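Chemist: Given next are the chains, with one letter for each unit.
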Amino acid sequence: MSDVTTEEHAGQPGGTEPLPLASFDDPHLQPLARHPKRAEAVTGIFLLIGLLGFAAYGATYWVGGQPQVEGIALGVGLFAFGFGLSAWGKYLLPQGPFVEKRHALRSTDGERAAMAAAVVERGGMVVKRRSFLGGVLGLGGAVMGVVLAFPLLRSLGPVPAKTFEVTNWKKGSRLVDNLGRPVHAADLEVGGALTVFPEGYTSEQDMAVDQTILIRVAGPDTNVVTEASRATWGPDGYLAFSKVCTHAGCPVGLYQHQTQQLLCPCHQSLFDVGQGRPATNVFGPAPRPLPQLPLYVDEEGYLRSQAGYDQPIGPGFWERTTT
Amino acid sequence: MSTTGHTTADRPSGRRPSAVDAGLNWLDDRLGVAKGGRVFMDKIFPDHWSFLLGEIALYSFVVLLATGVFLTLYFVPSTAQTVYHGVYKPLDGVKMSEAYASTVNISFAVRSGLVIRQMHHWAADVFIGSIAVHMCRIFFTGAFRKPRELNWIVGVSLLFLAIVNGFLGYSLPDDLISGTGIRIAYSILLSIPLVGSYLATFVFGGVFPGNGVIIPRFFILHVLVLPAIIAGLIGAHLFMLVRQKHTQFPGHGRTEDNVVGSPMFPTFMAKTTGFLFMVAGVLWALGGLAQINPIWQFGPYVPYKISYAVQPDWYMGWLDGALRIMPSWEFAGFGHTIPFEVFLPGVLFPGLTSILFIFWPFLEQKLTGDRAEHNLLDRPRDRPRRTAVGAAFLAFYFMLFCASSTDVLANFFQVSLNVVLWTFRFVVIVVPIIVGLFTYRICLDMTGAPRVGKRKRAVLIVRSATGEYTTVEAAPRPGDGHQELEPAPVPGFIQGPEDGEEREPGVRRVARRT
Ligand code: HEM
Ligand code: FES
Numbered sequence: 001m002s003d004v005t006t007e008e009h010a011g012q013p014g015g016t017e018p019l020p021l022a023s024f025d026d027p028h029l030q031p032l033a034r035h036p037k038r039a040e041a042v043t044g045i046f047l048l049i050g051l052l053g054f055a056a057y058g059a060t061y062w063v064g065g066q067p068q069v070e071g072i073a074l075g076v077g078l079f080a081f082g083f084g085l086s087a088w089g090k091y092l093l094p095q096g097p098f099v100e101k102r103h104a105l106r107s108t109d110g111e112r113a114a115m116a117a118a119v120v121e122r123g124g125m126v127v128k129r130r131s132f133l134g135g136v137l138g139l140g141g142a143v144m145g146v147v148l149a150f151p152l153l154r155s156l157g158p159v160p161a162k163t164f165e166v167t168n169w170k171k172g173s174r175l176v177d178n179l180g181r182p183v184h185a186a187d188l189e190v191g192g193a194l195t196v197f198p199e200g201y202t203s204e205q206d207m208a209v210d211q212t213i214l215i216r217v218a219g220p221d222t223n224v225v226t227e228a229s230r231a232t233w234g235p236d237g238y239l240a241f242s243k244v245c246t247h248a249g250c251p252v253g254l255y256q257h258q259t260q261q262l263l264c265p266c267h268q269s270l271f272d273v274g275q276g277r278p279a280t281n282v283f284g285p286a287p288r289p290l291p292q293l294p295l296y297v298d299e300e301g302y303l304r305s306q307a308g309y310d311q312p313i314g315p316g317f318w319e320r321t322t323t
Numbered sequence: 001m002s003t004t005g006h007t008t009a010d011r012p013s014g015r016r017p018s019a020v021d022a023g024l025n026w027l028d029d030r031l032g033v034a035k036g037g038r039v040f041m042d043k044i045f046p047d048h049w050s051f052l053l054g055e056i057a058l059y060s061f062v063v064l065l066a067t068g069v070f071l072t073l074y075f076v077p078s079t080a081q082t083v084y085h086g087v088y089k090p091l092d093g094v095k096m097s098e099a100y101a102s103t104v105n106i107s108f109a110v111r112s113g114l115v116i117r118q119m120h121h122w123a124a125d126v127f128i129g130s131i132a133v134h135m136c137r138i139f140f141t142g143a144f145r146k147p148r149e150l151n152w153i154v155g156v157s158l159l160f161l162a163i164v165n166g167f168l169g170y171s172l173p174d175d176l177i178s179g180t181g182i183r184i185a186y187s188i189l190l191s192i193p194l195v196g197s198y199l200a201t202f203v204f205g206g207v208f209p210g211n212g213v214i215i216p217r218f219f220i221l222h223v224l225v226l227p228a229i230i231a232g233l234i235g236a237h238l239f240m241l242v243r244q245k246h247t248q249f250p251g252h253g254r255t256e257d258n259v260v261g262s263p264m265f266p267t268f269m270a271k272t273t274g275f276l277f278m279v280a281g282v283l284w285a286l287g288g289l290a291q292i293n294p295i296w297q298f299g300p301y302v303p304y305k306i307s308y309a310v311q312p313d314w315y316m317g318w319l320d321g322a323l324r325i326m327p328s329w330e331f332a333g334f335g336h337t338i339p340f341e342v343f344l345p346g347v348l349f350p351g352l353t354s355i356l357f358i359f360w361p362f363l364e365q366k367l368t369g370d371r372a373e374h375n376l377l378d379r380p381r382d383r384p385r386r387t388a389v390g391a392a393f394l395a396f397y398f399m400l401f402c403a404s405s406t407d408v409l410a411n412f413f414q415v416s417l418n419v420v421l422w423t424f425r426f427v428v429i430v431v432p433i434i435v436g437l438f439t440y441r442i443c444l445d446m447t448g449a450p451r452v453g454k455r456k457r458a459v460l461i462v463r464s465a466t467g468e469y470t471t472v473e474a475a476p477r478p479g480d481g482h483q484e485l486e487p488a489p490v491p492g493f494i495q496g497p498e499d500g501e502e503r504e505p506g507v508r509r510v511a512r513r514t
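If you read the sequences in order, they're chains V and Y.
Each residue of the first sequence is one higher than the one before, starting from 1 at the first, in the numbering used here.
Each residue of the second sequence is one higher than the one before, starting from 1 at the first, in the numbering used here.
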């Protein structure tokens, strides 16, 4: 029988006399399919529900719209409409099982040989006889590839140079909050935290790099020493650390005063801060302590930085030298 | 061969030519559509519920295209700052980017905008989810074996491109959560040895957050470049499917060299078009009823702000989990730094994952030595080793996914983060091994047992006149018999039952003429 199919596929119209009736078992025949009248009714009902859903959506839209009602109306409408159509296909149209023959994917040996010969011989002719031209063609292609990479890649942005090593913090930068107000030594309670920036740098670009978390871990007459070499960095109970997490660069947003820890909410890195605790990474994937900003209090009582950061802030990268 | 000269008598089934004939003939004179067209209409689709998974993916993509085009009409891909004075009062007077403002506008000021925006987001989640489940079905039934390795590779590429496009998409609104995601993506680029800092500054147009170029760049990738590639690959996927024909489960007269099922036109067409509407209906209802990504609650992105309990969309979870549980193994020395704690989970791990997925068919051929062509599907239990490996991998990625909510779990169970973290480092390795061994065992047991997977027959307990009880197995249900299927080619003309006539169960008659 499959031969007949094949012939038909080849586009040969056969004779006009009817073929014998074919009958076969359909183990997957749906019970409903044996009652076409009922199947028709079910299909019709669902298509009608679909129609009503569409109309309900149109009406909702017309009177001003409301997300939930729109959702139900068109959602139910589309679903019922689709269900009706599927039911039509499943119960009222020939299910089979019909059988189709698979044809081998591979070509005959002759066809394969002919194709290979064409590729190898014609291709070989190009290369063999014209090796000079071939060389120029290859070289041209390679050079074209390289030059085209300029606009595709190089135009996209500047080369990094030393941009990763620098922030806008300098000797004497006054600490200001996100609205540009200078921070006075009396501003924070013990246990308080504030995000600060160097005065004069307010663009989003600058704030992303310069963001520093200022915390007050002790009262006015305590000089907080996180590390022996940083004896003067924490005047009046204040400490300042880069807010850019050394893991993947999220802002280290949370200061917990009871435990004296900074927490990065992205992947839960914890940094110990306070007396003898130089933002050591004690938990989570962060590989390094947060760089510390050396502070001093000027004559008017405002907080300033003694210098910029002594190392690149934020996540690691290839050019970062070991410290 | 032209058919224009045919008389009524020449026509199949003796029809009179109609306007449709005229139209088709017009086309056929110019393009020769009749030959291939008829073959295409007769294409046989085997039926199995698991074959719907790929269709869900396809139709979610259709929905993504349609809703995405709608969104582009209102979305402004710019990080230029504005002050919001729109209909959503809680954000009145807040400084934000135009991208964020326009997304808030789509949600509140464009009629049906919120539904369509949420539908787009739901469709993305369903799209990637159905691709993943579809891939599992291909894997566990061995449908990737020769001759279908190329299509498996196209499928794997689609999965990864869809994930990337999903990430680009949810980065667009420039809210606090997505901005944090972009920040992490930047650090991942930066972590690549040798070229990382160049790559990161090129892509972002400078040091993070760049000069406001990232949203426009993501936008054009998200709405044009990647969708075009994805659409092209879907085309290739379906082309290969038609060329190689469907696989099918064994049974009922199905062999390696036939396909048994229902024909493309009209049966499959009707069913699948209906299914398109059903998928669209579910997604639309989700869009209207189930809130997703309420960016107006997160606030606009500000580089020094962060929100808590940040979870990315589900399909990024495995990467986020890997980032979280990775120990802090930064390498520093020789004047250079390699941040393995980011590079390994963020670059190497997904890279290796995709390579492993792509080469799996060839790896399996190597391991089993089976290089034969396969058109009949495996029952997973009959291939215990493959099934065990697959289950172990699923467990592995699922554990990583769970690890992306370490903070939530710690809060919920009131244990320290430390405990949760170490539990996950342990569990990620141990659970897959256990799952693999367990699956292997179950598969073996199932292959051994007769009649697994078949419907149980009723057992009747019969009491004889003398009071003796015996058990008798009931007759098999009509569908359960294993009678050989009599092959039937797709008929030219199918005759339905006459009006009012009811057929005997299980038998349908087909009149076939040429
Ligand atoms: C591969 C398929 C796609 C995926 C997985 C995908 C995913 C997403 C996701 C998750 C979002 C975030 C939505 C939100 O705000 O919650 C989004 C936004 C967006 N998508 Fe797509 N999308 C796809 C294709 C497209 C296409 C083809 C277009 C346009 C032709 C498009 C246009 C947009 C636009 C304009 C937005 C921003 C508006 C907004 O966020 O509300 N998307 N996409
Ligand atoms: S970015 Fe801070 S822990 Fe990952």
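Hints were generated in silico from the structure; no laboratory data involved.
Hints may be right or wrong, so weigh each one.
[To be verified] Not everything, but these chain Y residues come out facing chain V in the computed CB check (under 7 Å):
1) SER187
2) LYS245
3) GLU341
[Said to hold, decoys possible] Cross-link-like lysine-lysine pairs, in silico, DSS-like; alpha carbons within 30 Å at most:
4) Y:LYS245 <-> V:LYS101
5) V:LYS162 <-> Y:LYS245
6) Y:LYS146 <-> Y:LYS43
7) V:LYS90 <-> Y:LYS245
8) Y:LYS245 <-> Y:LYS95
9) V:LYS171 <-> Y:LYS305
10) V:LYS101 <-> V:LYS90
11) Y:LYS89 <-> Y:LYS366
12) Y:LYS43 <-> V:LYS37
13) V:LYS170 <-> Y:LYS305
14) Y:LYS146 <-> Y:LYS366
15) Y:LYS146 <-> V:LYS101
16) Y:LYS146 <-> Y:LYS35
17) Y:LYS35 <-> V:LYS90
18) Y:LYS43 <-> V:LYS90
Since this is a predicted model, take the numbers as computed values, not measurements.
The beta-carbon is built from N, C-alpha and C at its ideal position, and this holds for glycine as well.
Chemist: Tell me, in ascending order, the numbers of any earlier hints that this structure violates.
Modeler: Structure breaks hints 5, 8 and 11.
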